[in-house]
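Number of protein chains: 2
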Amino acid sequence: MNMTRYLAEKRKTIEKALDSYLPPASRKPTTIHQAMRYSIFGGGKRIRPILTLASAEAVGGESEVALPIACAIELIHTYSLIHDDLPAMDNDDLRRGKPTAHKAFGEAVAILVGDALLTEAFRLIATKNFRAKIKAGTVLKIIGEIATACGSSGMVGGQVVDIESTGLKLKPAKLEYLHLHKTADLIRVSVTSGGRVGGGTSQHLSALSTYGRTVGLAFQITDDIQDFDSKQDIGTTLGEKKASYPVVLGMSESKRRATELIDQAIYSLRGFDEKADPLRGIARYIRTRKQ
Amino acid sequence: MNMTRYLAEKRKTIEKALDSYLPPASRKPTTIHQAMRYSIFGGGKRIRPILTLASAEAVGGESEVALPIACAIELIHTYSLIHDDLPAMDNDDLRRGKPTAHKAFGEAVAILVGDALLTEAFRLIATKNFRAKIKAGTVLKIIGEIATACGSSGMVGGQVVDIESTGLKLKPAKLEYLHLHKTADLIRVSVTSGGRVGGGTSQHLSALSTYGRTVGLAFQITDDIQDFDSKQDIGTTLGEKKASYPVVLGMSESKRRATELIDQAIYSLRGFDEKADPLRGIARYIRTRKQ
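Line by line, the protein sequences give chains A and B.
If you're matching positions, the first sequence starts at 8 in the working numbering and goes up one per residue.
If you're matching positions, the second sequence starts at 8 in the working numbering and goes up one per residue.
Note that these hints are calculated values from the structure, not bench results.
Do not take every clue at face value.
[To be verified] Below, simulated SDA-like cross-link-like pairs (lysine to any residue); rule was C-alpha separation at most 20 Å, straight line:
no.: 1; chain 1: B; residue 1: LYS142; chain 2: A; residue 2: ALA143
no.: 2; chain 1: B; residue 1: LYS110; chain 2: A; residue 2: GLU171
no.: 3; chain 1: A; residue 1: LYS249; chain 2: A; residue 2: PHE235
no.: 4; chain 1: A; residue 1: LYS52; chain 2: A; residue 2: ILE232
no.: 5; chain 1: A; residue 1: LYS35; chain 2: B; residue 2: ILE170
no.: 6; chain 1: B; residue 1: LYS35; chain 2: A; residue 2: LEU175
no.: 7; chain 1: A; residue 1: LYS148; chain 2: B; residue 2: PHE137
no.: 8; chain 1: B; residue 1: LYS176; chain 2: B; residue 2: LEU187
no.: 9; chain 1: B; residue 1: LYS148; chain 2: A; residue 2: ALA143
no.: 10; chain 1: A; residue 1: LYS282; chain 2: A; residue 2: SER216
no.: 11; chain 1: A; residue 1: LYS148; chain 2: B; residue 2: ALA143
no.: 12; chain 1: A; residue 1: LYS148; chain 2: B; residue 2: GLY144
no.: 13; chain 1: A; residue 1: LYS35; chain 2: B; residue 2: THR173
no.: 14; chain 1: A; residue 1: LYS282; chain 2: A; residue 2: TYR292
no.: 15; chain 1: B; residue 1: LYS35; chain 2: A; residue 2: TYR184
no.: 16; chain 1: B; residue 1: LYS35; chain 2: A; residue 2: ILE170
no.: 17; chain 1: A; residue 1: LYS178; chain 2: A; residue 2: SER216
no.: 18; chain 1: A; residue 1: LYS52; chain 2: A; residue 2: TYR292
no.: 19; chain 1: A; residue 1: LYS142; chain 2: B; residue 2: LYS176
no.: 20; chain 1: B; residue 1: LYS19; chain 2: B; residue 2: TYR45
no.: 21; chain 1: A; residue 1: LYS35; chain 2: B; residue 2: ASP100
no.: 22; chain 1: B; residue 1: LYS178; chain 2: B; residue 2: GLU260
no.: 23; chain 1: A; residue 1: LYS110; chain 2: B; residue 2: GLU114
no.: 24; chain 1: B; residue 1: LYS135; chain 2: A; residue 2: ALA143
[As the list claims (entries may be wrong)] To be clear about the criterion: a stretch of chain A counts as covered by chain B if any three or more of its residues have a C-beta under 8 Å from a C-beta of chain B, and this derived list gives those stretches:
no.: 25; stretch: 29-41
no.: 26; stretch: 49-61
no.: 27; stretch: 249-263
no.: 28; stretch: 283-294
[Said to hold, decoys possible] One-sided and incomplete, this derived list gives chain A residues near chain B with beta-carbon spacing under 10 Å:
no.: 29; residue: LEU14
no.: 30; residue: ILE83
no.: 31; residue: SER87
no.: 32; residue: LEU88
no.: 33; residue: HIS90
no.: 34; residue: HIS109
no.: 35; residue: GLY121
no.: 36; residue: ALA128
no.: 37; residue: ARG130
no.: 38; residue: THR134
no.: 39; residue: CYS157
no.: 40; residue: SER159
Where is the CB? At the ideal position from N, CA and C, for every residue including glycine.
For reference, chain A alone in the conformation it holds in the complex (with noise of 0.2 Å):
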C-alpha cells in the first residue's frame, strides 16, 4: 500500500473533522477560540489520530466512528505542546515554523487555551453519541483511559520527570521510563482506543497496547535522533540538551534501539490480517521517516 498517500487522506479527514469539532473562531470570548485553532490548525502530522483511525480499522471497525476519539486526542497532544512550549517550561518561540502560543498570544492565555483544549477533548468524547454504535460503558472506559495515559502517572507524571532530569545524566531505563510515560503513554491509547472502538477483543487490545508502546518509544528516539543532529548542525552543546537517546545511548545504540522497537511492533501484530496493514505500514515509517 501507498503509505505517503493512506497518510495524507487521514490527514486530510481528521482535520476536517476538527475543524466542524473546534468552536468557530467568532464565539466569544474570541480570543480563546481563535487561540484554540492558531494551535491546532499550525501543522502536525496528526500521527496519533490516524493511529486511532488504523487501529479501529484494524479490528474490523469502521474508523469513522472513531474520528471524535481520534480528535480528542489531537487536543490533548495539542495542548501538552502548548504548555511543554511555555517560558517555564521548554521555553521555545517557534513551533512548527510558527510562533508558539505564548509568543502569538501572551503566556497567560497560552496557559488558558491548553486547559480549554484538555477540557474540550473530554467534552467531545463525552457528548456525541457515536452514532448509536459504541454503548455508553465502552465510552466511560475509554475516557478513563486516556485519563490514566494523560495523568499524573502517565504524560504529565513523564513532564515532570523530564524537567527534574534536565541537565543531568540519565540511566537509561530512568530515560526509557520518561519517554515511556512523556511520549509513549499517549501513543498506546490512541491505539488502544482506536481498537476499543473498532469493536476489538481483549486479545486484540492486549496486541495494540504492545504495538503502541514500542511504537511510541521508537517515535521517542527517531525525534530524539533528528533533534540531536540539528542541535549538532547550530553547535549546541551537550550540557544544553534536555535527556535523549543519543546522549544517553550514543548514536548507534539509539537506532538499534529504534529498529528493535519497530520489529517488535510488527510482531506484535501477527495475529492481525492485511486491515492492520496500515498499523504495519505506520511502523516502518516511523523508522524511516528521519535517520
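Given the coordinates of chain A, assemble chain B onto it according to the supplied hints.
What follows is chain B alone, placed relative to chain A:
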C-alpha cells in the same frame, strides 16, 4: 437545621473521599503526587462538592453515590486556582495563608499539577462504577456538562475575559457575563450534576440550574465585597483592582444584588420539600458569611 454542623460534617466526608481517591504522595513521580496533595489539602470550604452532595439529597438520592463527582469538581476548582495564581495570571504568592503551588514547587510543576488535577477529575468520574446505581449514559452526560461548564465557553472563557478586563472600566452587563462564566458555571454544574446523579427529574434539574446560577453569582459578589473591604484596609488603589462588583456597581448596589440573587435562589427551590433545606441554608450562608 444547624448549618455550621452540616457544612463541617460534609466537609469531613469530602476530605476523606479526596484522600482515598487521590494517588498516594509516595507514587512516582513523587513530586507531582506530593504537589497534588499539597494543593488539594490546603484548606478550602469545599462549598462546591458540598453543593453536589446536598443537591443529590435534595432530589431524594443518596449523597454517597455523588461523592466521586463532588470530589472531581473540587479537583477542577483546585486546578483553576493553581493556574489563576501563576505569575502570568494573578501572580499570587499566598493561597489560604500558605505558599501557592508555584511558590512551593516552581512554576513548571505548578502548571503540570493543574493539568494533572483536571485530568484526574475526568478519570475519577469515568472509572467509578457508582455501585452500579447510575447508568453509564448518565455519567457521560455529567462529564459532558462538567466539561462544557469548565471549558472555553465556561470557566476558562470567563478567566480569559477577566484577564482582558484588568484595569478597564467594565459595564455591569460585561461584569455579570465574566462572573457568570468564571465562577457561576462551575457552581451551577456542581449543583446540577448532583441532581442528575441523585436521579432528579428534568423539572428538578431546571430548578437546580437556576439555583446554581444565582447562588454562584451571589457567591462571587460577596467574595468581591470582602476583597474590596480588605484591599481598602491595605490601601490598594482603584487601578490595581480587577473587575469587581463594588468597583462597577458600588457597595450598596452590590449588596442589594447579592440579596436579590439569594432570594431568587431560594425561590427556585419552591417545588422541593425539606430535603432541600441544606441547599436553602447554603444560600443564606453565602449571603451572611462575609458582609
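Do the hints match the structure? See the list:
1. B:LYS142 <-> A:ALA143: 9 Å, holds
2. B:LYS110 <-> A:GLU171: OK: B:LYS110 and A:GLU171 at ~16 Å, within 20 Å.
3. A:LYS249 <-> A:PHE235: OK: A:LYS249 and A:PHE235 at ~10 Å, within 20 Å.
4. A:LYS52 <-> A:ILE232: Within the cut-off at roughly 18 Å; holds.
5. A:LYS35 <-> B:ILE170: Satisfied, since the Cα-Cα distance of roughly 14 Å is no more than 20 Å.
6. B:LYS35 <-> A:LEU175: Holds: B:LYS35 and A:LEU175 sit about 18 Å apart, inside 20 Å.
7. A:LYS148 <-> B:PHE137: OK: A:LYS148 and B:PHE137 at ~14 Å, within 20 Å.
8. B:LYS176 <-> B:LEU187: Distance ~18 Å between B:LYS176 and B:LEU187 Cα, so the pair holds.
9. B:LYS148 <-> A:ALA143: 10 Å, holds
10. A:LYS282 <-> A:SER216: 17 Å, holds
11. A:LYS148 <-> B:ALA143: 10 Å, holds
12. A:LYS148 <-> B:GLY144: 12 Å, holds
13. A:LYS35 <-> B:THR173: 18 Å, holds
14. A:LYS282 <-> A:TYR292: 17 Å, holds
15. B:LYS35 <-> A:TYR184: Answer holds: B:LYS35 to A:TYR184 is near 11 Å, not above 20 Å.
16. B:LYS35 <-> A:ILE170: 14 Å, holds
17. A:LYS178 <-> A:SER216: 25 Å, violated
18. A:LYS52 <-> A:TYR292: 12 Å, holds
19. A:LYS142 <-> B:LYS176: 50 Å, violated
20. B:LYS19 <-> B:TYR45: The given pair, whose Cα atoms are some 17 Å apart, holds under the 20 Å limit.
21. A:LYS35 <-> B:ASP100: 31 Å, violated
22. B:LYS178 <-> B:GLU260: 14 Å, holds
23. A:LYS110 <-> B:GLU114: Holds - the C-alpha atoms of B:GLU114 and A:LYS110 are around 18 Å apart, at most 20 Å.
24. B:LYS135 <-> A:ALA143: OK: B:LYS135 and A:ALA143 at ~14 Å, within 20 Å.
25. 29-41: With 7 residues in contact (Cβ-Cβ under 8 Å with chain B), the coverage given for the stretch 29-41 of chain A holds.
26. 49-61: The restraint on the stretch 49-61 of chain A is violated, since only 0 of its residues have a Cβ under 8 Å from chain B and three are required.
27. 249-263: violated (count 0)
28. 283-294: Violated: only 0 residues of the stretch 283-294 of chain A have a Cβ under 8 Å from chain B.
29. LEU14: Violated, about 29 Å.
30. ILE83: 9 Å, holds
31. SER87: A:SER87 check passes; min Cβ-Cβ to chain B is 8 Å, inside 10 Å.
32. LEU88: Status violated, d = 12 Å.
33. HIS90: 6 Å, holds
34. HIS109: Since the shortest Cβ distance to chain B is 8 Å, the answer is holds.
35. GLY121: Holds, about 7 Å.
36. ALA128: Check passed: Cβ of A:ALA128 comes within 8 Å of chain B, closer than 10 Å.
37. ARG130: 3 Å, holds
38. THR134: 4 Å, holds
39. CYS157: The hint holds - A:CYS157 has a Cβ within 10 Å of chain B, the shortest such distance being about 5 Å.
40. SER159: Holds: closest Cβ of chain B sits about 4 Å from A:SER159, inside 10 Å.
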